[in-house]
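Line order of the protein sequences matches chains A and B.
For the first sequence, the positions run 546 to 1061 when the numbering used here is used.
For the second sequence, the positions run 2 to 528 when the numbering used here is used.
Just to be clear, a hint being listed does not mean it is correct.
Claimed, not checked - Every beta carbon over 12 Å from chain A, so not counted as near; a handful from chain B, in silico:
id	residue
1	Asn6
2	Glu48
3	Asp73
4	Asp103
5	His115
6	Lys242
7	Glu262
8	Lys307
9	Arg326
10	Asn351
11	Gln451
12	Leu475
Claimed, not checked - Here are the simulated DSS-like pairs of lysine-lysine, each with C-alpha atoms no more than 30 Å apart in a straight line:
id	chain 1	residue 1	chain 2	residue 2
13	A	Lys673	B	Lys487
14	B	Lys307	A	Lys715
15	B	Lys487	A	Lys655
16	A	Lys913	B	Lys381
17	B	Lys323	B	Lys487
18	A	Lys673	B	Lys323
Said to hold, decoys possible - Restraint ranges, calculated between C-beta atoms of paired labels, are given here:
id	chain 1	residue 1	chain 2	residue 2	range
19	A	Lys797	B	Gly377	37 to 47 Å
20	A	Val1059	B	Asn95	46 to 56 Å
21	B	His320	A	Val1059	39 to 49 Å
Since the hints were derived computationally from the structure, they do not count as laboratory data.
All C-beta atoms in this analysis are idealised placements derived from N, C-alpha and C, irrespective of residue type, glycine included.
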Amino acid sequence: MKTYDTIIIGAGHNGLVAAAYLAKQGKKVLVLERRDIVGGQVVTESFGDDFTVDSLHAGGTLRPDIVKHLNLASHGLVVDSVRKPFISLQADSNHLVFDVDPAKTVESIKRYSEKDAANWIPFLDFMKKATQFIETANATIMPRLPKGFNLSEGMALAELGLDLRMMGGKDMMRIVRGIPMTADEFVDEWFESDVVKAAIASLGIHGLTLGVYGAGTGYTLMHNWSNRGGLSHVSVQGGIGKITEALASAVKSLGGEIRTGAEVERIQVDMYTCKGVVLKSGEEISAKNIISAADPKHTFLTLVGAMNLPPEFVWNVQSIKMRGSVAKVHLLTDGKHGIPDGTVVVAPSIKYLEQAYDAAKYHQISEKPYLEVTTSGNVVSIHFQFAAYALNSGVQELAPASATASRRTSELWNEKRNLVEKIAIDTLAEYFPNLKSSIVNRKSLTPLDLEQTYGLTEGDLNHGQIMLDQFMFMRPIPGWSNHKTPIDNLYLCGSGVHGGGGVSGTAGRNVMKVLK
Amino acid sequence: MTNNNYDAIIIGGGHNGLVAAAYLARAGKKVVVLERRHMVGGATITEEIIPGFKFTEFSYVVSLLRPEIIRDLKLPQHGLKILPLPSTFTPMDNGDYIAGWDDHDTTRREIYRHSPKDAEAYDEYGRRMARLAKAIKPILGMLPPDPTSLSPKDLMGLLKLGQFASTLTEKELYGLSKIMTQSAADMLEEWFETDALLGTKSASGIIGTFLGPRSPSTAYVLLHHYMGEIDGAFRAWGFAKGGTGGIAESIASSARAFGAEIRLNATVKQVIVKGGRAVGVALENGDEIYAKAVLSSADPFVTFLKLVDQKYLPDDLTHSIKKFRTRGSSGKVNIALSELPKFTALPDSNVLHRGAVSISPSIDYIERAYDDAKYGRFAKEPYVDMIFPSMIDPDMAPPGKHVMSCFVQYAPYDIEGGWDDTKREAFGEAVISTIERYAPNIRRAIIGKQVLTPLDIESISGITGGNIFHGELLLHQLFFMRPATKWSGFRTPIKGYYLAGSGAHPGGGIMGSPGKFAAELALKDGI
């Protein structure tokens, strides 16, 4: 049986970042990936000739300091610094365009409101400060409160508080007030036009199962803005998968090992200490430390097992809200789809966005969904919200964890896959009449596919909803926000811990600071 | 006419205004309360709308009134008598019902009938909520510090807050963090599975807010209602003898006994500011009254935007108050009855009429009612919380007859097309047909009714938006952010002008704390 210093479960961006940093320290690391390719959510895949897509995320960037530390440029990572516009589609084809050039954005907003146009630049300045704060907050490991408080952890938190104060009272209060606000209230502080407000507020619900009237979506708006560095995505040359390819290459060149097609069945635990992992194949591998980049529910309930954990901890993990409601529809076209370049959204009004969410609330698929569309050559990729993972068949609800429930979920989703495609295409075709005739091939991913193919429990892209009661020191669960677990040498480094949610890689790097 | 003799003028004779007046008078100050209506009470009134039938027009139950206020102001001597509400009864769609009692064991047995698992969870749930409510209470009694200020006073406040936090166990601290941010539904679904139990409990999380039980941060509103205290006993709800108007009357009587003057039909038009100081008020009738200080128990919108000239206020305060969420979401239907409604779920018993009856069969039922409201319609099938004051206090109705007080959510202030008589009538009808499903005799028992929309609540009581809390209990409208950051301390940018109503910390409900805090600060400032 082989022994490693550290086994990392999952070769998504966070797992690979953690592996690269450890390998750089000279540790003997092994990354285990259940799929045949690395990348996790940050992956570019081919579904046929000329049909290569960024499966789940249209864009994203690792934190620049990670790119530098790991020398990712030498591993082929080129960050496309050319940001494209963010376009909110309008029925009259007179779309609202948030251009890279703020002056042009101001012109476009003017059509809707002079006052809003005048507020755009001050809003950008404010969001810059909010971004700075969120980045600092994400880089700070959230300590346990308050008894397990050790001085070094406390210092980091005090510095964070100081950072916030340095911004000056007014901006600090605005950020603090903005966190519990709804996305609707957040944009309402600055803008009056419904069209302008809805376009920006859509960022507050992107990837989340909440509507723009949901408290805390003010925070997610800032969170997503901070991840993107603005409204629109920053795309990666050659596809987003280049990020994880470069990371994997870095891991290997630093002496780390990566095995694909190696699904971990369970983590071997004895008396709150883990010894190693057992693969689906039956192979056992031991290590001093194990870091899981999988989501907390999968990590604790499936890989560790409830009987190896304290009951209250299990109860809290079971209560983590996953609730995925994102589906992806990828279309291969003949190129005549007519969709402009950039991040294009169907978010015509605040009410429209809220109504789209109502479907998810009642476990249904939205008939008038919020869409975010990106194009890459002939390929059109549609991010579809909301399509509830736990679809309601009209039959009495069962606990989602039960085997019967998951069988029912797959039956339902096999029936409804075409429906999601149809709604997505019909909705978009209203703005782009040539779209339908341009389609050559299609590939859609339902929330169930997100779970089965990408290992995301309940199809939740964020490994746990980013909600007020699941963020900062309450992420993934209260008392365990510092990457540690009740199992002595088991750590978390995925999006489910503080710093996660997005492609920044922060969670993968932060785990280094607490590792024994 | 001018009158220069007062130490303090209190705008508004609601319960907070009266509490402020009583505390100031008790300290020997010469005070006058100016009330625009013909009676004191504000939203805490009892009125004989139909001859012989006394309606608790707006607020109808009490539990948050602070015991120290009851003691300090000797309210029992002035007629305050709170009678306990022993039960909550929720009829279910399958013809059964679920009830909660003021006794834990009886409730537990009742829950067990529906779900042994829920009964077991109920024990621990009760303990945990009581612990959290006790843990948060000191915060409600604390003057919120300004975290952006580096003044010694605020730093001391922050330090106190830190000290308080360090007295909590880790579990309590996380419990509080969670409850401040969660949705009522998410919190309750961690514990219970019985729909009607979940529905009824989640309803406490939405009262007075324009949010559904699945909206994050409603768990706090639930806790806010859990903190009720009568005679020191946690979470007991009560009904005041004579209706909630009886509470206002007793505070008014106490204030008068301490020497305060109360003027009715005296509408304040504007606060007079001289040299950056509030020196008095001008009335609608042209009178001017002068005093060393002015305390407004009106809501923040009225206090800052209507009663004073904007030029005295910093722009960001004006901006915050304009954005302060004060959307009315509830209405009241008060009904005079020839006989008690007979609930199909328990036809032969009148025991449930001594407590509250709640139409809340499930969380989704209430959530759908909210969906109606968020798109500008009143709920076709609303959440209704009703009590029968005449069963508790026979003086409320003629012998053999009854009054019924129905709190109804949701009815949006900003209804599509605006409120009119037709819509008010339709709203009342929706409430009656909702009750009729569970108590078929209700329609024939109606002698008369009063339907109050949020617009009516606004026009009668003067509360902007008809929001019963003077501003929703949303996270960013609490503690040091209530009603606005930097101005959460009851003082305002105008010297000698104080906010003393529910729009200030710690918020709405018949609590009296804002009035007490404001009076104490005014005294401290040496008026």
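Hint check:
Every CB of chain A lies more than 12 Å from the CB of B/Asn6, the least distance being 40 Å, so the non-interface label holds. With a closest Cβ-Cβ approach of about 35 Å to chain A, B/Glu48 is found to remain outside the 12 Å limit, as its non-interface label requires. No Cβ of chain A comes within 12 Å of the Cβ of B/Asp73; the nearest lies about 34 Å off, and the non-interface call holds. No Cβ of chain A approaches the Cβ of B/Asp103 within 12 Å, the least distance being about 29 Å, so the stated non-interface status holds.
The claim that B/His115 lies off the interface holds: its Cβ sits roughly 16 Å from the closest Cβ of chain A, which is beyond the 12 Å cut-off. At roughly 38 Å from the closest C-beta of chain A, the C-beta of B/Lys242 stays outside 12 Å, upholding its exclusion from the interface. No beta-carbon of chain A is positioned within 12 Å of the beta-carbon of B/Glu262; the least distance is around 40 Å. Taking the minimum C-beta to C-beta distance to chain A, about 22 Å, the non-interface status of B/Lys307 holds against the 12 Å cut.
Its beta-carbon lying about 7 Å from the closest one in chain A, B/Arg326 breaks the requirement of being farther than 12 Å from that chain. Interface exclusion of B/Asn351 from chain A stands, the closest Cβ pair being 35 Å apart, more than 12 Å. In this structure B/Gln451 is separated from chain A by more than 12 Å, as the shortest Cβ-Cβ distance comes to about 31 Å. Annotated as non-interface, B/Leu475 brings its C-beta within 12 Å of a C-beta of chain A; the closest such distance is 7 Å.
Using a Cα cut-off of 30 Å, the hinted pair A/Lys673 and B/Lys487 holds, with the two alpha carbons roughly 23 Å apart. Our distance criterion of 30 Å between C-alpha atoms is met by B/Lys307 and A/Lys715, whose separation comes to about 25 Å. As the CA atoms of B/Lys487 and A/Lys655 are separated by approximately 33 Å, the hinted pair breaks the 30 Å bound. Taking the CA atoms of A/Lys913 and B/Lys381, the gap is near 24 Å; set against the 30 Å cutoff, the hint holds.
Distance restraint check for B/Lys323 and B/Lys487: the Cα-Cα separation of roughly 15 Å lies within the 30 Å cut-off, and the hinted pair is therefore satisfied. Distance check on the hinted pair: A/Lys673 and B/Lys323 sit about 25 Å apart at the alpha-carbon level, within 30 Å; holds. About 59 Å separates the C-beta atoms of A/Lys797 and B/Gly377, a value inconsistent with the hinted range of 37 to 47 Å. Roughly 52 Å separates the CB atoms of A/Val1059 and B/Asn95, a value that falls within the hinted 46 to 56 Å.
In this structure, B/His320 and A/Val1059 meet the distance hint of 39 to 49 Å, their C-beta atoms being roughly 42 Å apart.
Violation of the numbered hints given earlier is confined to hints 9, 12, 15, 19; the remaining hints are satisfied by the structure.
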